[in-house]
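Protein chains in written order, with this note's numbering: chain A, 1 to 180; chain B, 1 to 282.
Hints were generated in silico from the structure; no laboratory data involved. There may be inaccurate statements among the hints.
Stated by the list, open to error - Calculated lysine-lysine pairs in the DSS-like style (CA-CA distance at most 25 angstroms, straight line):
(1) K210(B) to K63(A)
(2) K36(B) to K42(A)
(3) K133(A) to K73(B)
(4) K42(A) to K73(B)
(5) K42(A) to K213(B)
(6) K46(A) to K73(B)
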Amino acid sequence: MKKILITISLFLIFNIGYSQSFYSNLKAVGLTCAMCSYSTQKSLEKLDFIKSITPDLEATSFKLEFKEDEFVDFDLIQEKVEDAGFFVGSIEIVFTDNIKAENDKHNLISGNLFHFFSDEEIDSRVFTIVDKKFIRKSEYKIISEKTSHSCYETGLHTASCCSNHENLKSNKVFHLKSSL
Amino acid sequence: MRIFLVLFLSFIPSLSSAQELYINTEPASLIPRGTKVVRLNHHSIFLNGTNIMGGIGNAIIMSPSISYGLSKKIMVSGSFQFSNKPYEQDMMPNFGFSGFKLYSKQRILTTDKQKYHTRLSSFIKYSYHDNKFMKDNLDIELQDTGFEFGIIGTQLINKLAISVTSAVTRISNIDEKYTSGSTVKWQKINLNTIQNSISAGYLLFPRKYKSYKQTNFNLYLEYLTNTILTRNFPDRYHKFSSTLAPGIQFIIMSRSRLDFSYKIRSGEMPDEFVVKLTYIIY
Chain A
1 MKKILITISL FLIFNIGYSQ SFYSNLKAVG LTCAMCSYST QKSLEKLDFI KSITPDLEAT
61 SFKLEFKEDE FVDFDLIQEK VEDAGFFVGS IEIVFTDNIK AENDKHNLIS GNLFHFFSDE
121 EIDSRVFTIV DKKFIRKSEY KIISEKTSHS CYETGLHTAS CCSNHENLKS NKVFHLKSSL
Chain B
1 MRIFLVLFLS FIPSLSSAQE LYINTEPASL IPRGTKVVRL NHHSIFLNGT NIMGGIGNAI
61 IMSPSISYGL SKKIMVSGSF QFSNKPYEQD MMPNFGFSGF KLYSKQRILT TDKQKYHTRL
121 SSFIKYSYHD NKFMKDNLDI ELQDTGFEFG IIGTQLINKL AISVTSAVTR ISNIDEKYTS
181 GSTVKWQKIN LNTIQNSISA GYLLFPRKYK SYKQTNFNLY LEYLTNTILT RNFPDRYHKF
241 SSTLAPGIQF IIMSRSRLDF SYKIRSGEMP DEFVVKLTYI IY
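Isolated chain A, as found in the complex:
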């Protein structure tokens, strides 16, 4: 009986640990031609942690899939879009399974540390990055008043700010709000 339980729990842990991953929908703004979209794609292709890029030229958005074992640095994604001469309108993160977004809590998902904001506790798959550089100042102000964690200001995981997490691929924290 014990063995069975251990096997089941190991199976569950294994499953939880490796099945929950995510991809992103990047909305770029300022693109007015196929050449512009192609330049943005070429710039994004320089990032090692991106596995594939699927453009939607009509919507000037890109579906980004990531390599499982690498940290996904959304700051670099923004930098590459700006190098091409454009701007990030928004970045959506779509998880493979629903996530219970507890307000103002951290969650480690495939080595990436996310900090969730939600008005009410909801299960959702789709979240939007709401870090300082990705949203308007006024929106940032509203959210920053609701959290006491310094990582929202700094974007970094520290012992004094966030609870301990093992297996962090980077000390960067990205902040997510439910898109619903």
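Using the hints, position chain B against chain A.
This is chain B only, laid out in the frame that chain A set:
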């Protein structure tokens, strides 16, 4: 000239999107950081005079150029020019080097929203040319020597992209006749000019973007003016001159451009046919 305008304007409502890869002027946008853009420019100027051999001398100009995005805020560009010498009675092929240009553009301001943006850039250009094709025209792009400093603003609202360029130029290779005693001599003088232009571009095809492989077909209309600021200038020049330049453009595989434009100059000045081939190296 008016027919072009009417034709162009009547097209506008059926177009699906704005384009700002202008043919005869630079857009306020820069090329992406770290990319190189190579271009081959061809100009045929239909000179309306005849040369000494009795044939109509057309000026043929070829100019390869390369641009590089140093950062997202600065790009630099350089080009050489080769041309024939249409006024020389030379039976031998007389195609040769006739000048170079250096150019840099800096981004000043950008506000980007979904399908709406404003961009502002400044630029500086130095140009050296030793072959004057149009004796009564001022043009540091093709035939004059001088410095230019200017500002470019591009505004995009949904389907309309309008770009305005304003530049001051100091041209330094102007020949002026003067008399000293009883002899007539020539001297080089400087002329200051201001150039203003307005450009608009529209995407005609494809109606729906699905793939980078779709060829884009764009229509352009540009209006360029030149006003001499210096009070005294040789009387072969006009204080104000203008050029209307309709053009078409193909964007192939999202990384090559083939541009055609026909420049219609005011007054007696010759028309010009422009072909540009552009390729982006990522």
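Evaluation of the provided hints:
1. K210(B) to K63(A): holds, 14 angstroms
2. K36(B) to K42(A): Holds. K36(B) to K42(A) sits at ~13 angstroms (cutoff 25 angstroms).
3. K133(A) to K73(B): holds, 19 angstroms
4. K42(A) to K73(B): Holds: K42(A) and K73(B) sit about 18 angstroms apart, inside 25 angstroms.
5. K42(A) to K213(B): holds, 15 angstroms
6. K46(A) to K73(B): holds, 19 angstroms
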